[in-house]
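Peer 1: Now for the letters of each chain:
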Amino acid sequence: MTDLVRFEQVSLGYARRPLLRDLTFRLAAGDFLGLVGPNGSGKTTVLRGLLGTLAPLDGTIEIASGVSFGYVPQREQIDSRYPLQVLDVVLMGRYHRIGLGRRPSASDRAAAMDALGRVGMAEVAGRHIGGLSGGQKQRALIARALVGDPTVLVLDEPTNGLDLVATTQILGLIRELHEQDRLTVLMVSHALNEVANYVDQIGLLVDGQLRLGPIDEVLTERSLSDLYGIPVEVASFSGHRIVLARGHLRNGADHG
Amino acid sequence: MVELILLFRDALYGSLVIAVTCGLLGVWVVLRRIVFVGAALAQLSSAGIALALLLAGAGLGLGLATEPLTLALALTLLGAVFFGVGSQRQLVPPDATIGVTYAVAGAVGVLLIAKAAAGEAHDLYLHGNILGLTRQDTWLEVVVAVPVLLAHAVFYKEFLFVSFDPETARTQGFRVLRWNLFLYFTIGLVIAFAIQSAGVLVVFNFLVLPAVTGLLVARGMAGTFLVAGVAAAIAVVGGFIMSVPFDLPTGSAIIAVSGLLVMLAWVIRRVRGD
Chain A
1 MTDLVRFEQV
11 SLGYARRPLL
21 RDLTFRLAAG
31 DFLGLVGPNG
41 SGKTTVLRGL
51 LGTLAPLDGT
61 IEIASGVSFG
71 YVPQREQIDS
81 RYPLQVLDVV
91 LMGRYHRIGL
101 GRRPSASDRA
111 AAMDALGRVG
121 MAEVAGRHIG
131 GLSGGQKQRA
141 LIARALVGDP
151 TVLVLDEPTN
161 GLDLVATTQI
171 LGLIRELHEQ
181 DRLTVLMVSH
191 ALNEVANYVD
201 QIGLLVDGQL
211 RLGPIDEVLT
221 ERSLSDLYGI
231 PVEVASFSGH
241 RIVLARGHLR
251 NGADHG
Chain B
257 MVELILLFRD
267 ALYGSLVIAV
277 TCGLLGVWVV
287 LRRIVFVGAA
297 LAQLSSAGIA
307 LALLLAGAGL
317 GLGLATEPLT
327 LALALTLLGA
337 VFFGVGSQRQ
347 LVPPDATIGV
357 TYAVAGAVGV
367 LLIAKAAAGE
377 AHDLYLHGNI
387 LGLTRQDTWL
397 EVVVAVPVLL
407 AHAVFYKEFL
417 FVSFDPETAR
427 TQGFRVLRWN
437 LFLYFTIGLV
447 IAFAIQSAGV
457 LVVFNFLVLP
467 AVTGLLVARG
477 MAGTFLVAGV
487 AAAIAVVGGF
497 IMSVPFDLPT
507 GSAIIAVSGL
517 LVMLAWVIRR
527 VRGD
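As given, the protein sequences belong to chains A and B, one line each in that order. First residue of the first sequence? That's 1 in the working numbering, and the numbers climb one at a time after it. First residue of the second sequence? That's 257 in the working numbering, and the numbers climb one at a time after it.
Treat the hints as calculated values from the structure; they're not laboratory data. Check the hints yourself; a few may be wrong.
[Said to hold, decoys possible] Example chain B residues on the side facing chain A (calculated, C-beta under 10 angstroms, incomplete):
1) K413
2) G470
3) M477
4) P505
For clarity, every value in this text was computed on a predicted model and none was experimentally measured. Note that CB positions come from ideal geometry on N, CA and C, so glycine has one too.
Work the whole structure out from these sequences, hints included.
Peer 2: In structure tokens form, the structure reads like this:
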């Protein structure tokens, strides 16, 4: 498969201090990669390097010609008090194509409506962004990323703060976009159980370095125990992979 | 009463220009949560005026450098650049930086004016004298307001994106720092010209209260700008009607009307229930 992105021994950090070292990985067309790590492990930093908003301190990041990214930021980054309709927010995904000082055209609006349709949100296009549920807001942000016809969909903690139903729906939608539209996806999350059951490849950020590979190779009890510093079990239930941290349970919790 | 108010028609027209311009820009000020940047820039502007008066009073005739407008403009635009760049780096909490600037610039302005020749007479410069606006002042305000508002109309999309979601805007190639600087520059420019006649408190009022009124009542960005502009204009007309015939301070009357409009907007929002 064609490499869309290539990280070669990349160091990333802030104020010239590396947070992540020697990152080497490739993202090929059609990949679905999940980047997982504890809070503060540098997941968002990797995204910034990939998206070109953070220059590498060392190494090279190669982006193949013609590759474009559809970025879905963390939902909390969006200020819902702006008096904007959902359609206005989705249209922002076309702004870079429209040109300096120009307004969105009818075809931009049609593309935005189409993107909303792809995420099942066409009927709420006229609603205020602040009036949406967390899951709906996340879908709107995914639609905004899709409206620019990206080669790679990049999502930062897409299920953060969502309830069980919304989490399942959002991850299902991302998987659907990957399978049906053959969209390359890079998803960053701290929620290991969620990522493990939806992505094809997983990357664990451990002590500033990346361990990357197919799920079965990377998601072992040993590597996860190393990553989180506590004993971890990997179990399987109805075809779902479940990662459990061994801890001090309440009385009777293990007799269910 | 109308004839009495029309005696101050030049001041009324000038105030309307200042109010509507600040009211429209204030939508960004409130949405971006940089309300106190407006206050700090206004204080910097007044400190510039005070410095010019001190230099002039000391006999240091340095041409344009001792003109109140020149120094007010210079300090305000420096402040605009400082806050525009500072909002990207955040070495200390941004609101703390703004608070330090506000307090220090305010105090320096008062200290400088106290040492300026005939300082008390110049006190009006710091507190504003909105009824003293002349036709020439009004035209000067128009010359500043028209290009600023045109720039805002043309680059609305860019200002919206970098204000609403700077991180995503950056990933799309938008130069967020440059757009922020441009936005702060236009706000600083308008404040520097407005402050000499309207004073710190009235300019601060125009930057905040009409925008809050708009955000409470309107359902979209265009409506918010429209309501903010209209609310600013009503505040000026209402303030003149309340103050001129009854010999009350016009600036304070304008602020009182602005406050009433905010309350009215809040009631409308509550009744509407959204």
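Peer 1: Confirm or reject each hint.
Peer 2: Results for each hint:
Interface hint at B/K413: satisfied, since its Cβ lies 6 angstroms from the closest Cβ of chain A, which is below the 10 angstroms cut-off. Interface restraint check: B/G470 against chain A, minimum CB-CB distance 8 angstroms, threshold 10 angstroms, status holds. At its closest, the beta carbon of B/M477 sits 6 angstroms from a beta carbon of chain A; the interface hint therefore holds under the 10 angstroms criterion. Proximity of B/P505 to chain A is violated relative to the hint, the smallest CB-CB distance being about 33 angstroms (cut-off 10 angstroms).
Hint 4 from the list above is the single one not met by this structure.
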